[in-house]
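Chains as they are written, first to last, in the UniProt record's numbering: chain D, 1 to 252; chain V, 1 to 252; chain P, 1 to 252; chain U, 1 to 252; chain C, 1 to 252; chain G, 1 to 252; chain B, 1 to 252; chain S, 1 to 252.
The reader is advised that the hints may include incorrect statements.
[Unchecked claim] Distance condition first, Cα-Cα at most 25 Å in a straight line; then the derived BS3-like pairs of lysine-lysine:
1) Lys-150(U) x Lys-110(U)
2) Lys-9(D) x Lys-6(B)
3) Lys-6(P) x Lys-6(S)
4) Lys-99(G) x Lys-12(U)
5) Lys-99(D) x Lys-9(D)
6) Lys-175(D) x Lys-12(S)
7) Lys-175(C) x Lys-9(V)
8) Lys-175(V) x Lys-120(P)
9) Lys-12(V) x Lys-175(C)
10) Lys-12(S) x Lys-9(P)
11) Lys-9(C) x Lys-175(U)
12) Lys-120(V) x Lys-9(P)
13) Lys-12(U) x Lys-9(G)
14) Lys-6(S) x Lys-120(D)
Hints were generated in silico from the structure; no laboratory data involved.
Number of protein chains: 8
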Amino acid sequence: MRPILKDLKDGKISIEEAEKLIKSQFLDIREVARFDVGRKLRTGFPEAILALGKSDDDIVQILLSSPTDPMIVTRLDPERFENIREKISPLEERGFSIKYEERAHTLVVKGNEKISLDYKVGIITAGTADIPVAEEARIILEEYGCQVIKAYDVGVAGIHRLVQPLYDMLEEDVKIIIVVAGMEGALPSVVAGLVDVPVIGVPTSIGYGVGEGGLAALHSMLQSCSPGIGVVNIDNGFGAAVLAIKIIRAFD
Amino acid sequence: MRPILKDLKDGKISIEEAEKLIKSQFLDIREVARFDVGRKLRTGFPEAILALGKSDDDIVQILLSSPTDPMIVTRLDPERFENIREKISPLEERGFSIKYEERAHTLVVKGNEKISLDYKVGIITAGTADIPVAEEARIILEEYGCQVIKAYDVGVAGIHRLVQPLYDMLEEDVKIIIVVAGMEGALPSVVAGLVDVPVIGVPTSIGYGVGEGGLAALHSMLQSCSPGIGVVNIDNGFGAAVLAIKIIRAFD
Amino acid sequence: MRPILKDLKDGKISIEEAEKLIKSQFLDIREVARFDVGRKLRTGFPEAILALGKSDDDIVQILLSSPTDPMIVTRLDPERFENIREKISPLEERGFSIKYEERAHTLVVKGNEKISLDYKVGIITAGTADIPVAEEARIILEEYGCQVIKAYDVGVAGIHRLVQPLYDMLEEDVKIIIVVAGMEGALPSVVAGLVDVPVIGVPTSIGYGVGEGGLAALHSMLQSCSPGIGVVNIDNGFGAAVLAIKIIRAFD
Amino acid sequence: MRPILKDLKDGKISIEEAEKLIKSQFLDIREVARFDVGRKLRTGFPEAILALGKSDDDIVQILLSSPTDPMIVTRLDPERFENIREKISPLEERGFSIKYEERAHTLVVKGNEKISLDYKVGIITAGTADIPVAEEARIILEEYGCQVIKAYDVGVAGIHRLVQPLYDMLEEDVKIIIVVAGMEGALPSVVAGLVDVPVIGVPTSIGYGVGEGGLAALHSMLQSCSPGIGVVNIDNGFGAAVLAIKIIRAFD
Amino acid sequence: MRPILKDLKDGKISIEEAEKLIKSQFLDIREVARFDVGRKLRTGFPEAILALGKSDDDIVQILLSSPTDPMIVTRLDPERFENIREKISPLEERGFSIKYEERAHTLVVKGNEKISLDYKVGIITAGTADIPVAEEARIILEEYGCQVIKAYDVGVAGIHRLVQPLYDMLEEDVKIIIVVAGMEGALPSVVAGLVDVPVIGVPTSIGYGVGEGGLAALHSMLQSCSPGIGVVNIDNGFGAAVLAIKIIRAFD
Amino acid sequence: MRPILKDLKDGKISIEEAEKLIKSQFLDIREVARFDVGRKLRTGFPEAILALGKSDDDIVQILLSSPTDPMIVTRLDPERFENIREKISPLEERGFSIKYEERAHTLVVKGNEKISLDYKVGIITAGTADIPVAEEARIILEEYGCQVIKAYDVGVAGIHRLVQPLYDMLEEDVKIIIVVAGMEGALPSVVAGLVDVPVIGVPTSIGYGVGEGGLAALHSMLQSCSPGIGVVNIDNGFGAAVLAIKIIRAFD
Amino acid sequence: MRPILKDLKDGKISIEEAEKLIKSQFLDIREVARFDVGRKLRTGFPEAILALGKSDDDIVQILLSSPTDPMIVTRLDPERFENIREKISPLEERGFSIKYEERAHTLVVKGNEKISLDYKVGIITAGTADIPVAEEARIILEEYGCQVIKAYDVGVAGIHRLVQPLYDMLEEDVKIIIVVAGMEGALPSVVAGLVDVPVIGVPTSIGYGVGEGGLAALHSMLQSCSPGIGVVNIDNGFGAAVLAIKIIRAFD
Amino acid sequence: MRPILKDLKDGKISIEEAEKLIKSQFLDIREVARFDVGRKLRTGFPEAILALGKSDDDIVQILLSSPTDPMIVTRLDPERFENIREKISPLEERGFSIKYEERAHTLVVKGNEKISLDYKVGIITAGTADIPVAEEARIILEEYGCQVIKAYDVGVAGIHRLVQPLYDMLEEDVKIIIVVAGMEGALPSVVAGLVDVPVIGVPTSIGYGVGEGGLAALHSMLQSCSPGIGVVNIDNGFGAAVLAIKIIRAFD
């Protein structure tokens, strides 16, 4: 603001002009956010686009406007990716790479931005069917430069399978463990009862019958008798990754 | 039926009398139940009375009519027991003992019947607050002559506490393990993933917030990724015990 | 462990080697499970794979790795079976037979293992539409060598149809009755009120309107005024069969 | 209306007066109701007052205004009756009798009106705890001159207890059977599968755990595989009785 | 039974034969049902088959076994009817007519049985989209010889449209009014507040958003401040018709 | 009514004729509605047809009967519009224009009626995926001659984007702001906490996981700590527009 | 802002001082709210305090700080009012009047502020038990100087009772009708189908059984087939009144 | 383990003794937990006891056994604290201080252990009624030596109140912000949209009507369109604090 005030004082601009310039700076609360941006977000923050509920055209349009680097589209199934593949090829001409991860239903569009957060995060899934959600988290984390240590399909029905991977993760000094589980969702409770790093619980919609669609798993994680689990929405691998990144950044 | 038909043929009874006698045997489906009773229930089956929804007078009246030996009243809180204590004292004159288990809110009225089922059943609770429900099950089981091996407060938040008791139960050759758990109800899944005896899951209403009243625990047990858990209603220690007894009797 | 210790004492191995060997045995809780395995599971336990949520490739890969004998895949609809049929044919070359039961949506891959549990289990369904779930249970039970006595479509709307089959099952000395019912799910209550063998209730998702998807049936079974019903998740014929097998094994 | 039109034609009243008189008759849709009233309701219809949510003063005020004969107050627990007993004594001076049925929590205030509907209605309850709801229905029915045949505590857990009472009711030529059941609410399905008179199902809030508060029972009745059950709200004995009376009146 | 006993007494049959004959009569509780059948069901009762959850083959098989006359299949959508049309043509050779009502998704297979119940029933729908459910009820009623008076699309949003049809129905002396409504399901309350014949409420799954799938309508009907509405399950036009027929028969 | 009464008085019609004529006027409650119609609805009110649950034929038939001008069909997806496009072309010959708005799934059929309500309404959406619901509202409002000021995709995740549009709307003197939001539905609370014009909240079914289908958004709006939000059903853009129009008309 | 800029230009303050002064004005988004305040809220807006969840001390402390005139406390039951009565008497010394409305559980603390909004609002309740919620709305409205026309206990069970009051309200030119209803909550639908002024629906928690606690009523209002109802939370008379006031102010 | 092996090798202990010693170390999975304990938990971790569902005697007994330092009891209301106050006084003799925080319903029993985590955590509440839950979190955090910066009652209804406190927290370099909100629970979304430190959302049971008991708030937080919020159970201030501490420790 000072340059404006100085210009005013020096007579270079009128009071009206000064008022308008200052107002344009302050009229929203962006200032607060920007303060934070200035402090933390030296490297760009990817714009993540939830494909659900958006038309293919919406997605193409957002991508072509290239608001950020990288851009990540979640919940984009293979058919939809096929539909938009051609239309987003101009991005490649502009120097962006286009990578579609089929299992995770995630599209990553990346330019030259380099992000690095030199920390390790563990991702555990209870079953094979939970892997797509875990992969969504993994991709986001790796795009941010985190190193991910995976242990998939180590669920509570055979709890002995869990011990070695946990041991390894602790040895590797992971800072956070993301636990992805459907069905009864007991795994985060068990993990949080064994280790002392923070656990992020991601319920998945795997399961059938009562409490289906992930509700049983979600409620288990929230009702956990192991305190200290941060829970995100059902199937929200993206949200878990963002929470992990925000934690890491806060301490970076 | 043959004796009746023979009497008819021999002219000892009239057609009308024969009809009446046969009808009294067949008019309901009691025959089927009786067959079963005759085969299995040589020793008396206790009448269990759920106190919820019944007035104190209802309970007194049922007990004084002494339909079975023993008689068990569940969900009878201490105040209500105080209210009816005096009124059921005539039972003592008739040779029944009256035992009220405060923690389990259960009343046992017992005569001379001796029941013995020479098997062991394990009962595990996740927390301290689940104990009343477990005790309801224990009392029923012991009234039937089963031996109960208890391991209370060994929940999943500190899963290492669970291993030794489980080991001991298997050593003692328990035939069934009843697992009582509130909150997220993960314990039966963990137990059923470690041992091969049948597990009966009893969700309890312990917990607060989402999935409270035992719903989170119930759904966890039904959605368990460890197959082979038989689940009963929330807080239904009585039902778990009866299921265990029915299983034991079937193989006795 | 003793051989290791003896080798150490005899100087055949170093302390470091002994430590490593012992650790590899103990580092997880497999010991407890193994103890149990050693006691009970002399015959192989089939790996059951829930097809829901897994890709066709996941299933093929698991089957081809032949972890157990037999292997059972549940919830595999005919189209998906067609998709993987060719890819799993190498199993036949290795001596496995491949049997797909269309009504039950269940695939059984079996080698030379012979399992026999010389007990009878009854399976009852309320309606025609409940049969696929019952068949899932039947297949599992028969794969374990149990003999199954079926009584399908004998629901509570015409309760007189139920009596003869029940009578027959008791005559045949079934140890457990699995009752499969959708709609209002009243059949297990009625059966458990008539017989004294343990009843496993399997709610099905048959029905429409309120309480649909099996919720009405599930709640009925859990709220049953006939105590002693072990309930499994909606449509979980597999779980009911496993519970029955675990019970039988415990007493075998 | 004709007298008014005739008066107008005869010059006894002006057009304005005629318009006003006719309008006062027609301005609402009371005409339709009145048509029906004139046809069916020659004897007074009791005003039933749901005590829930009304203050004691509200109830006293409504009763003292004596809108109908009889007047029935439902869901009035004993303490509240004590509170208003004195204040409604003026009704006795006006020739009304005051009868409070404690078990049913129902108050009947009756004058000289005599109602008689010469039909029989059966009322069945599954358990002892369902009796208050059944009694609410019984009182309403008897106030209307119906004869009630009761069979309480004949639930589905011991289905053989049900057969004789049903047989008796059919012998007595009941026109309708009201079945009152909590817990799993299976009784109406069983009854409707055995008899051909219409069944009115009344779920009660008896039970605990999942589906509690009567939801399991309600859903069972609506999902019944025995078609032809008319269901009313949970604990709504009053509604069941009114439906029965409306049916009887329609055919009277 | 007497003829059998007489034959025994007269030496025409042996005791063994007599026992067998009597047992076949009594072994189930069919006696009670049959008593009722003998009294009421002089004309055949149609077997109604819910197509949901049954395979096409199941339906064909049931129809070809021709258990009753008429046979009615509900919830059979046009594609499925096309699939089975050819396969059930043998029924025509046996003298049955085959009529498929597309709007109601209902198939009627009828032989020479003539049923007549000389009563009128009103059917009202709130909207156009509720008509298929109403038609399901209409077909059942007409197959039983009831006369149906329809008033479709007269919902509560324009309550003035309702008055004339109601007036007409009362003039025609309908004995029962079936009210079919989705969305907020207020129409049965309004109708039951205006007329004194019994009202059967059928909630439909029409609507979207909160309380969708018919829940809002169902709850409205059960919570109705107009007492005396008998409610059936969502979209259950068949059930409403059966209830109406049972009522009419009870008074026939 | 006076002309009739006068004719009667003058002997031009008989009492019977007069009665009949008056009755036809009054027999329903249309009078009340008409009173209101006469006062407010000088310009025609469009008939809005919810396409959900109606067959294509139903919709064509309603449109061809041209009950009002304009006619609006909501929830008509593009395929269905293609199906009926040809069949409703006769409307064009009668001078109606046919406009299908693809994003809003809304069809407008308009004749010569001119409606104008000279007021401004703001419409805000939280995300891109909420736009179709907002567009449904916009079309209805504009058909009524309201001017709509849009601010789409200004959700609470970046609350600073919201301030300028709100400022502009207040400058433009909007009388009502319609806020359309899915996910957690927080936007109406935030808006109602910032401005003093009435806010209409429209939850949308955008979102996944717990509280999906719009329930989380709906509950947020109803539980809002900013009082004074009028909420309509999930995805009910039409309802929001009608409420806005009713408000404006009341003050016009 | 201009005076600051002018002072800066005139050299009366330094750039640093100017920056600080401007920042203090703009640092939050209060500016937007203030703009609105300046335009609309010339008369004071009462601070409404929801007593639920606040301790008595909290309430006293807020009131004694006298933030606004008037101050309104809702959901304050009589016992709690007794508890704080003494402690808030200092307000009277400062010239505030203290009025507690027992039926509405509402406390009004008023000083000299005079508010007047010269419009009429109708309030209708379905039953007697809905009156407290209606009264909460009435008090708020009257405190704002609106005139309220009441019609209590005119519910849909006797719809003819509704017509005259509605007619009267329209004659009185009410701008908005608030309809308060529990049970099935059908009344707003009926009212909105008869009149053309905007309707605000307030579901109440009156009722029992399924959909209790106001859910049935809430869902009815949201699913209403009469479009144009703005719904507020269950029992939220306050919210309805604030919405009405915001509407009136927007057009004042 | 090495000392044991060495002793064995050196002949100091027998093979049997060595086996027993090693087994006692390994028989459970404590090893893994201990590893973690050894690495992270150099300072004692308080045993937090949830008072809900435990009897007073349970709590006294646990406290007197002094398992950890400090010990924290949550959800202990003032009456219960009074009940146990006397009985836990022996702890004071052993050098523990006893501090009961009435607003937070939390008891802290502390000895000489000193814990310090030199980080700042922000706690924000939406309303006054959310403060007890926030205080529960604050106490736990401060017991761990964290510094807490509070901003209570800055909810979304007046969002401008929120900006300055947020600004201050960021200035103070808080690492995590815990946001406690009932009603619609929108505050965490707004906060997470403005700042970049991780947000822990704690829904509270404040609110009434639909989504009450904290469900609306919980769902809002999970459905938040601002990604990166870790959610804990309703009213679970303790859980939020433990999560924050685990995060801080992981990076300490």
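Structure-based check of each hint:
no. : hint                    : result
1   : Lys-150(U) x Lys-110(U) : 23 Å, holds
2   : Lys-9(D) x Lys-6(B)     : 9 Å, holds
3   : Lys-6(P) x Lys-6(S)     : 13 Å, holds
4   : Lys-99(G) x Lys-12(U)   : 61 Å, violated
5   : Lys-99(D) x Lys-9(D)    : 54 Å, violated
6   : Lys-175(D) x Lys-12(S)  : 43 Å, violated
7   : Lys-175(C) x Lys-9(V)   : 54 Å, violated
8   : Lys-175(V) x Lys-120(P) : 19 Å, holds
9   : Lys-12(V) x Lys-175(C)  : 55 Å, violated
10  : Lys-12(S) x Lys-9(P)    : 11 Å, holds
11  : Lys-9(C) x Lys-175(U)   : 40 Å, violated
12  : Lys-120(V) x Lys-9(P)   : 40 Å, violated
13  : Lys-12(U) x Lys-9(G)    : 11 Å, holds
14  : Lys-6(S) x Lys-120(D)   : 37 Å, violated
Hints 4, 5, 6, 7, 9, 11, 12, 14 from the list above are not met by this structure, while the remaining hints are.
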